[in-house]
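For chain A, the structure is supplied; the task is to place chain B on it using the hints.
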Amino acid sequence: SQKIEQNSEALNIQEGKTATLTCNYTNYSPAYLQWYRQDPGRGPVFLLLIRENEKEKRKERLKVTFDTTLKQSLFHITASQPADSATYLCALPPNSGGYQKVTFGTGTKLQVIP
Amino acid sequence: KAGVTQTPRYLIKTRGQQVTLSCSPISGHRSVSWYQQTPGQGLQFLFEYFSETQRNKGNFPGRFSGRQFSNSRSEMNVSTLELGDSALYLCASSSPRTGETDTQYFGPGTRLTVL
Chain A
37 SQKIEQNSEA LNIQEGKTAT LTCNYTNYSP AYLQWYRQDP GRGPVFLLLI
87 RENEKEKRKE RLKVTFDTTL KQSLFHITAS QPADSATYLC ALPPNSGGYQ
137 KVTFGTGTKL QVIP
Chain B
23 KAGVTQTPRY LIKTRGQQVT LSCSPISGHR SVSWYQQTPG QGLQFLFEYF
73 SETQRNKGNF PGRFSGRQFS NSRSEMNVST LELGDSALYL CASSSPRTGE
123 TDTQYFGPGT RLTVL
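Going line by line, the protein sequences match chains A and B.
Position 68, counted from 1, in the first sequence is what this note's numbering calls 104; the numbers after and before it change by one each time, with no gaps.
Position 9, counted from 1, in the second sequence is what this note's numbering calls 31; the numbers after and before it change by one each time, with no gaps.
The following block holds chain A by itself, in its conformation from the complex:
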């Protein structure tokens, strides 16, 4: 069956360090993968999208990689700040070709410690 796996345990990291979050998937062949940020009690906010033919994407302090062979995406936040503390979700469509509804992972909670 199709599965998206994100580390359910919270990730605690010291301010200034690089945080790395993982999104693994099985039985998917997505054309792209997305990352969202969610603060408590609020709706997720779209951050980045990376397509299957892209290895890496950057936006300010954020970097996303996408390895379709390993079926994995890594989400990096460099020079992390306490304001980066939130839950980060990955989302992907089941297959490539045409419009497909994305499915969300359960998210990883990041805590940046001052």
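In case anyone wonders, no lab produced these hints; they're calculated from the structure.
Being a predicted model, the structure only gives us computed values, none of them experimental.
Any given hint could turn out to be false.
[To be verified] Examples of chain B residues lying across from chain A (beta carbon under 8 Å, computed):
| # | residue |
| --- | --- |
| 1 | Asp107 |
| 2 | Gln126 |
| 3 | Tyr127 |
| 4 | Phe128 |
| 5 | Gly131 |
[To be verified] Within a straight-line C-alpha distance of at most 25 Å, the following computed DSS-like cross-link-like pairs (lysine-lysine) qualify:
| # | chain 1 | residue 1 | chain 2 | residue 2 |
| --- | --- | --- | --- | --- |
| 6 | B | Lys79 | A | Lys137 |
| 7 | B | Lys79 | A | Lys39 |
| 8 | A | Lys137 | B | Lys35 |
| 9 | A | Lys93 | A | Lys107 |
| 10 | B | Lys79 | A | Lys95 |
| 11 | A | Lys99 | A | Lys137 |
Where a beta carbon is used, it is the ideal one built from N, C-alpha and C, also for glycine.
Okay, now just chain B, sitting in the frame of chain A:
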């Protein structure tokens, strides 16, 4: 552009009652999706409406229903409420076209508490 709006933001109901939640998408967005989020469960997809038609449906009982109006606004209804329906209900709009991505823009959510 104004973002996705949801009303009400908070709601308290008792078991057996029904509830209707409302969502106004971003102007120009024709797709509206609904999600249920409970602690530890992540985002559970309820259904998606596009041009007033239900296009996708998650694995929820028939007590959960929705509709979309010609102006793309959407409502979600839950009948015969159960304690387990207590959750944050999120609405998201998008502007998907064939071959494009399903990027979701979420509203602030409606916090439903069932007593």
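Interface hint status, Asp107 of chain B versus chain A (Cβ within 8 Å): Interface hint status for Asp107 of chain B: violated (18 Å vs cutoff 8 Å).
Does the structure keep Lys137 of chain A and Lys35 of chain B at a Cα separation of 25 Å or less? 31 Å, violated
Would you mind confirming whether the straight-line C-alpha gap from Lys99 of chain A to Lys137 of chain A stays at or under 25 Å? 24 Å, holds
Starting from Lys93 of chain A, check that the Cα of Lys107 of chain A is at most 25 Å away, please. 16 Å, holds
Supplied contact hint for Gly131 of chain B, tested at 8 Å Cβ to chain A: 5 Å, holds
Chain A contact restraint for Gln126 of chain B - C-beta distance below 8 Å: 7 Å, holds
Quickly compare the C-alpha distance for Lys79 of chain B and Lys137 of chain A to 25 Å and report which way the hint goes. 10 Å, holds
Given Phe128 of chain B as an interface hint, is the shortest Cβ-Cβ distance to chain A below 8 Å? 3 Å, holds
Restraint: Tyr127 of chain B near chain A, CB-CB cut 8 Å. Satisfied or not? 7 Å, holds
Can the restraint linking Lys79 of chain B and Lys95 of chain A be considered satisfied, given a maximum Cα separation of 25 Å? 33 Å, violated
Hinted pair, alpha-carbon criterion (25 Å max): Lys79 of chain B, Lys39 of chain A. Please report holds or violated. Since the Cα atoms of Lys79 of chain B and Lys39 of chain A sit roughly 18 Å apart, the hinted pair holds (cutoff 25 Å).
The earlier numbered hints that this structure contradicts are 1, 8, 10.
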